[in-house]
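Student: Sequence:
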Amino acid sequence: MVRAVILYEREPDPDRYARHLEDFVDKIECDAFRHGKAFGAAVGEPAFAYQAEFEWADRDAFKAAARTEEFAASGKDAADMGIPFTVTFVDLSQLS
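Here the sequence shown is numbered in the working numbering, starting from 2 and rising by one per residue.
Please note: incorrect hints may appear among the correct ones.
As the list claims (entries may be wrong) - Mimicking DSS-like on lysine-lysine, the simulated pairs with C-alpha atoms at most 25 Å apart in a straight line are: (1) LYS28 - LYS38; (2) LYS77 - LYS38; (3) LYS77 - LYS28; (4) LYS64 - LYS28; (5) LYS77 - LYS64.
Since the hints were made in silico from the structure, they are not lab data. Model, not experiment: these values are computed from the prediction.
Kindly generate the complete structure, drawing on both the sequences and the hints.
Tutor: As C-alpha cells, this is what we get:
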C-alpha cells in the first residue's frame, strides 16, 4: 500500500479547502482520500495543524496517478493556498 501524506503547517481556510477538494479529489485516481485537523501529540504540540492523505494499492497505481495532469494541478492549487506544507510518499507493509 502506498500513501501520499500531506502535512500543513496551519489549518486551511474551510471555504478555500472545500473548493480545493471539490476541484481535485474526485479527479485523482486513488483507493482512498482522508483529511483532518491535528488535535494533539504524544509530547508537546503537534508538528503540523492539518493532514491530508491519498492511498493506493501499490506503487504502480501510485505512479499512474502521479503522472497525471490532475495530480500536478492539485499540488499547484495546494501551494496556491499559501500554507507551507510537506508531502511524503510512504510504502506501507501490513503484518498478518
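Student: Each hint needs a verdict: does it hold in this structure or not?
Tutor: To see whether the hints hold, each was checked on the structure:
1. Using a Cα cut-off of 25 Å, the hinted pair LYS28 and LYS38 holds, with the two alpha carbons roughly 23 Å apart.
2. Among the hinted pairs, LYS77 with LYS38 is consistent with the structure: their alpha-carbon atoms are about 21 Å apart, no more than 25 Å.
3. For the suggested pair LYS77 and LYS28, the alpha carbons sit about 14 Å apart, so the restraint of at most 25 Å is met.
4. The suggested pairing of LYS64 with LYS28 holds, with an alpha-carbon distance near 15 Å, which does not exceed 25 Å.
5. A C-alpha spacing of about 18 Å is found between LYS77 and LYS64, which places the hinted pair at or below 25 Å, so the restraint holds.
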